[in-house]
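Each chain is listed here by its residues.
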Amino acid sequence: MFKLLKKLTGRKQKLNRINLKDTLEDQSNQKDQSVSRQIDVNIERIKKIYQIPDNKDVKVREFRIGGNGKRIAIFFISSITDVRTVEDSAIKPLLQETDMDAEIDKILSTQNVTAISEIKEVVTNINTGNAVIFADYETKAYAFECANFQGRSVERAENEVLVKGSKEALTEKVIVNLSLIRKRIKNESLIAESVTISERSRNEVFMLYIRNVADDKLVGNIKNRLQNLDVDAIQNLSLLEQYIEERRLSLFPSILYSERPDRAASFLEDGHIILLMDNSPDALILPATFWSFFHTPEEHYLRFFFGNFVRFIRVIAMFITIFTSAIYIAVTSFHAEMIPADLLLAIAGSREKVPFPIFFEILLMEAAFELIREAGLRVPNPMGPTIGIVGALILGQAAVEANIISPIVIIVVALSGLTSFTISDISLNYALRIIRFLFILSAGLFGIVGMTSLFAVGIFYLVSLKSFGVPYLAPMTPNYLSSGDTIFRRVITHEKFRPGYLKPTDMKKKSNGAVR
Amino acid sequence: MKLKKICNICLVLLLLVNLAGCWDQKGLDRQVFVIGIGLDKAEEKGKVNVTYLIANPEVGSSQTASATDEPSFMTITMRASDFVSMRNNANVAIAREISYDLLSVILVSEEFAREKEFVRFLYTAEKDREIKRDIHLVVTKEKVKEFFGRNNPKFLKRPHKFYEFMIERGVEIGIIPDSELHHFFRVTEEDSNLFLSAFATTKIPSNKDNYRINESDAVAGDLKVKGDANNAQFLGSAVFLEGEMIGTMTGVETRIVMLLHDAIPVRDVLTTFQDPFSEDYQLAVRINQQKKSVVKMDLKAKPPRINVKLPLTIDVLTDPGMENPVENKKKVERLRSEFEKEMESKIMEVVRISQEEFKAEPFGWSLHARKEFKTLKEYMNFDWMKTYPDMKVKVDVDLRFGKFGRQPKTPSYKGIRD
Chain A
1 MFKLLKKLTG RKQKLNRINL KDTLEDQSNQ KDQSVSRQID VNIERIKKIY
51 QIPDNKDVKV REFRIGGNGK RIAIFFISSI TDVRTVEDSA IKPLLQETDM
101 DAEIDKILST QNVTAISEIK EVVTNINTGN AVIFADYETK AYAFECANFQ
151 GRSVERAENE VLVKGSKEAL TEKVIVNLSL IRKRIKNESL IAESVTISER
201 SRNEVFMLYI RNVADDKLVG NIKNRLQNLD VDAIQNLSLL EQYIEERRLS
251 LFPSILYSER PDRAASFLED GHIILLMDNS PDALILPATF WSFFHTPEEH
301 YLRFFFGNFV RFIRVIAMFI TIFTSAIYIA VTSFHAEMIP ADLLLAIAGS
351 REKVPFPIFF EILLMEAAFE LIREAGLRVP NPMGPTIGIV GALILGQAAV
401 EANIISPIVI IVVALSGLTS FTISDISLNY ALRIIRFLFI LSAGLFGIVG
451 MTSLFAVGIF YLVSLKSFGV PYLAPMTPNY LSSGDTIFRR VITHEKFRPG
501 YLKPTDMKKK SNGAVR
Chain B
1 MKLKKICNIC LVLLLLVNLA GCWDQKGLDR QVFVIGIGLD KAEEKGKVNV
51 TYLIANPEVG SSQTASATDE PSFMTITMRA SDFVSMRNNA NVAIAREISY
101 DLLSVILVSE EFAREKEFVR FLYTAEKDRE IKRDIHLVVT KEKVKEFFGR
151 NNPKFLKRPH KFYEFMIERG VEIGIIPDSE LHHFFRVTEE DSNLFLSAFA
201 TTKIPSNKDN YRINESDAVA GDLKVKGDAN NAQFLGSAVF LEGEMIGTMT
251 GVETRIVMLL HDAIPVRDVL TTFQDPFSED YQLAVRINQQ KKSVVKMDLK
301 AKPPRINVKL PLTIDVLTDP GMENPVENKK KVERLRSEFE KEMESKIMEV
351 VRISQEEFKA EPFGWSLHAR KEFKTLKEYM NFDWMKTYPD MKVKVDVDLR
401 FGKFGRQPKT PSYKGIRD
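Protein chains in written order, with the UniProt record's numbering: chain A, 1 to 516; chain B, 1 to 418.
Among the hints, erroneous ones may be present.
The calculated BS3-like cross-link candidates involving lysine-lysine, where the alpha carbons are at most 25 Å apart (straight line), are [what the hints assert, rightly or not]:
1. B:292 with B:392
2. B:394 with A:353
3. A:217 with A:31
4. A:70 with A:140
5. B:116 with B:47
6. B:2 with A:466
7. A:353 with B:329
8. A:59 with A:140
9. B:403 with B:371
10. A:466 with B:5
11. B:374 with B:296
12. B:203 with B:145
Between beta-carbon pairs, the in silico distance windows are [as the list claims (entries may be wrong)]:
13. B:398 with A:481: 54 to 62 Å
14. A:338 with B:169: 20 to 28 Å
15. A:448 with B:263: 31 to 39 Å
16. A:448 with B:370: 36 to 44 Å
17. A:448 with B:320: 57 to 65 Å
18. A:377 with B:169: 53 to 61 Å
19. B:376 with A:494: 38 to 46 Å
The hints are simulated quantities; they were obtained by calculation from the structure and are not laboratory data. Because the structure is a prediction, the values reported are computed rather than measured. Where is the CB? At the ideal position from N, CA and C, for every residue including glycine.
Using the sequences and the hints, build the whole thing.
Written out as structure tokens, the structure reads:
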């Protein structure tokens with residue numbers, strides 16, 4: 001009975017497919033053909049695939065070769081091809097050709113011509129901005145490169161701003177990005193492999209590494225992971241990052257995301273692997289350790305003491321960001337004896353007329369700060385964030401005068417909020433801001449005891465984390481041979497080794513680094 | 001499956017919140033802070049009159065706290081069995097919870113300190129969790145209640161500041177001893193020394209003009225201070241033996257004890273000595289103790305002997321006789337010998353008082369004595385406290401001259417006056 005029903009329904013589906021001409025199966029059938037000897041068949045097929053003439057920017061030009069009068073058709077998508085190249089190096093020479101026996105790939109004056117015999121490849125070529133030429137009585141089509149995707153030119157880095165050092169940032173065009181990196185590493189062993197990662201959109205990722213430096217196993221592992229993604233489309237690196245990271249629910253990022261080509265190049269030279277992609281004005285650097293999020297390139301560009309001073313400031317800022325609000329809550333509600341007498345009396349005096357408990361007061365202001373920060377980010381003006389923060393402070397002042405918030409809370413929250421900006425990496429920045437709330441919660445519940453236990457648990461977690469097999473806090477713990485660039489950096493001539501946790505094939509960066 | 005797991009974790013976390021319960025949590029605005037506790041004798045046995053000195057947090061704290069016309073502190077006196085239970089008793093008159101977090105001084109009236117019972121009440125401080133051991137013990141001549149009432153420091157609005165600075169500076173210049181509570185407990189339990197506590201009063205006899213040769217050679221109350229700085233004086237020390245007050249020491253005597261005591265550094269002693277060159281004048285000197293004193297003992301001798309060598313550096317700051325001692329080696333030597341003689345005689349006087357009057361020593365020499373015995377038992381059998389009054393004590397002052405003022409040489413009086 002059921003079998004019969006199934007058969008019936010199955011038949012019905014099949015019937016439907018035949019009736020409806022433009023099915024998925026039908027479309028892929030069209031693509032699976034090989035190039036026909038009849039030019040008309042080919043033209044029909046491509047026109048059908050691209051829905052010409054409904055599809056406005058897909059162009060076809062039909063004419064005869066000047067010499068032997070052979071029929072020719074050129075297909076390309078005008079919005080992503082350089083039309084000038086098509087005209088000058090294909091249409092013009094073909095029309096002006098006088099030799100009777102000339103073959104097409106000899107006539108074309110482009111940098112390369114590839115002969116293809118499958119419609120599928122034809123389509124891929126057209127989609128990537130190339131032009132494809134069909135000729136009558138030939139089972140081959142000819143494709144030549146003339147892609148010209150529109151995009152920004154190389155601009156200044158906006159999120160990772162440096163005072164000293166290169167100002168270039170990566171752009172949405174992967175070719176430009178590759179060029180920016182190759183400009184910094186002029187070496188034949190810099191390999192840019194391309195891996196196609198999605199089924200439908202055929203997104204292509206460039207995997208960059210330096211042969212003889214990067215660990216082969218690591219390269220193989222990452223390539224494998226990229227090839228085994230089973231998705232229809234991955235638009236850009238920000239999305240790819242979430243597909244390939246190991247712990248998707250972890251607060252801490254495990255892949256470094258940078259928009260600076262100089263940063264990418266220096267990581268490449270240490271033996272890391274870089275992923276580049278079209279439509280992504282940035283590079284993914286992997287594996288990444290906690291320190292790579294904590295650092296900025298400027299600390300190496302600045303001289304030894306200046307760079308380490310900046311690092312020192314940042315460490316302090318990080319602790320202030322996480323702990324001030326929590327410590328304020330813990331100390332004022334559980335451990336009042338820790339506060340110096342004057343401050344204690346000042347806090348008690350200022351709290352006399354305030355309605356809410358300290359925990360709630362801090363939470364209120366922290367939430368207000370985050371709200372204003374988020375809103376300021378969406379203000380369509382580069383001044384937005386600044387205005388937002390100033391607004392927050394003014395708002396706080398008004399709140400104090402209205403006796404809703406005690407003035408010390410404003411100081412505490414403003415301090416912890418503002419110092420969070422010293423962490424320039426966006427992922428770590430978010431992580432710290434969320435962790436701050438966890439600490440506030442634990443301090444509100446258990447005081448310093450709660451904070452210390454949360455901190456201990458947090459450290460356990462950090463130590464257990466791994467990014468593509470590399471411990472998160474390496475090379476500090478576990479200890480690896482490296483150039484010791486963790487909280488502080490060494491004098492540049494003493495940074496002799498590549499990080500050992502990457503297991504680079506060539507460990508030594510320089511013999512002594514000094515002037516020979 | 002995963003959802004269930006997350007739900008479970010959330011549930012556990014929620015339970016944790018219940019468990020936490022915030023037992024210890026106290027809002028700062030729900031507490032009042034006691035700066036000083038006063039203990040007075042109560043008529044009933046087993047009771048004590050406790051006086052609280054409570055700071056008003058709104059005075060002098062910030063501009064937004066606007067209660068400037070309120071007084072900066074208040075006092076409350078009640079009879080209680082101890083000052084722990086007093087915390088709740090006082091709530092009949094005070095709205096908020098009473099906190100000892102800022103407690104910085106315990107004052108005891110002389111009358112109560114001389115009681116045998118006194119030590120029973122003070123030991124409560126060892127039990128209470130909030131009372132820190134670095135709180136100072138101060139003995140007042142009058143009842144503490146009256147002391148609090150009359151003490152009205154100028155410029156220092158907040159009471160904790162007054163007590164903190166007053167005691168800190170007094171200890172620094174050596175006119176009152178460093179009478180932290182844990183010293184009291186240590187000395188009392190060690191049972192071989194005298195404990196010195198700071199002595200203070202606001203009861204200044206107005207008719208008595210009791211000037212001494214040396215201005216600090218008096219106890220609080222005996223020094224005439226004119227003007228309207230403050231009614232309270234902190235000077236000299238109350239002497240405790242086995243947790244009971246048995247007498248007083250003047251400021252100078254306290255200084256001498258502190259110079260001889262190794263544990264208490266005295267940094268800034270300004271005092272005067274008789275000018276050996278002209279009888280009418282005195283020389284102002286600053287005494288510095290840069291090295292520890294060397295204590296040598298011969299306890300097998302009968303009577304046992306103690307030799308103390310006290311190295312001091314002395315700066316002579318004035319020269320009213322205009323004798324220019326710095327110019328002349330002989331004069332310097334004479335200064336040295338005169339000073340040493342004067343200091344030694346003063347020191348020996350203090351030693352004599354301790355041996356004859358108090359019958360115990362405040363100098364902390366018993367610690368040095370312990371080294372002389374092989375076992376603790378031998379030391380105990382020796383009975384330091386009993387033996388001390390009969391001991392032969394010798395103190396050698398070893399003076400070194402530092403500076404003779406910023407400009408060592410002064411013109412001679414005759415040269416100016418001719």
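Structure-based check of each hint:
1. B:292 with B:392: The hint holds at about 21 Å.
2. B:394 with A:353: Since the Cα atoms of residue 394 (chain B) and residue 353 (chain A) sit roughly 64 Å apart, the hinted pair is violated (cutoff 25 Å).
3. A:217 with A:31: violated (37 Å)
4. A:70 with A:140: holds (14 Å)
5. B:116 with B:47: Within the cut-off at roughly 13 Å; holds.
6. B:2 with A:466: holds (22 Å)
7. A:353 with B:329: With Cα atoms ~71 Å apart, residue 353 (chain A) and residue 329 (chain B) exceed 25 Å; violated.
8. A:59 with A:140: Holds: residue 59 (chain A) and residue 140 (chain A) sit about 20 Å apart, inside 25 Å.
9. B:403 with B:371: Given pair residue 403 (chain B), residue 371 (chain B) is violated - Cα atoms ~37 Å apart, limit 25 Å.
10. A:466 with B:5: With a Cα-Cα distance of about 23 Å, the restraint between residue 466 (chain A) and residue 5 (chain B) holds, given a limit of 25 Å.
11. B:374 with B:296: The hint holds at about 16 Å.
12. B:203 with B:145: Given that 25 Å is the threshold and the Cα spacing comes to 12 Å, the pair holds.
13. B:398 with A:481: 54 to 62 Å: Holds, at about 60 Å.
14. A:338 with B:169: 20 to 28 Å: holds (25 Å)
15. A:448 with B:263: 31 to 39 Å: Holds - the Cβ-Cβ distance for residue 448 (chain A) and residue 263 (chain B), about 32 Å, lies within 31 to 39 Å.
16. A:448 with B:370: 36 to 44 Å: With a Cβ separation near 40 Å, residue 448 (chain A) and residue 370 (chain B) satisfy 36 to 44 Å, so the hint holds.
17. A:448 with B:320: 57 to 65 Å: holds (59 Å)
18. A:377 with B:169: 53 to 61 Å: For residue 169 (chain B) against residue 377 (chain A), whose Cβ atoms are near 54 Å apart, the range 53 to 61 Å holds.
19. B:376 with A:494: 38 to 46 Å: The hinted range 38 to 46 Å is violated for residue 376 (chain B) and residue 494 (chain A), with Cβ atoms some 57 Å apart.
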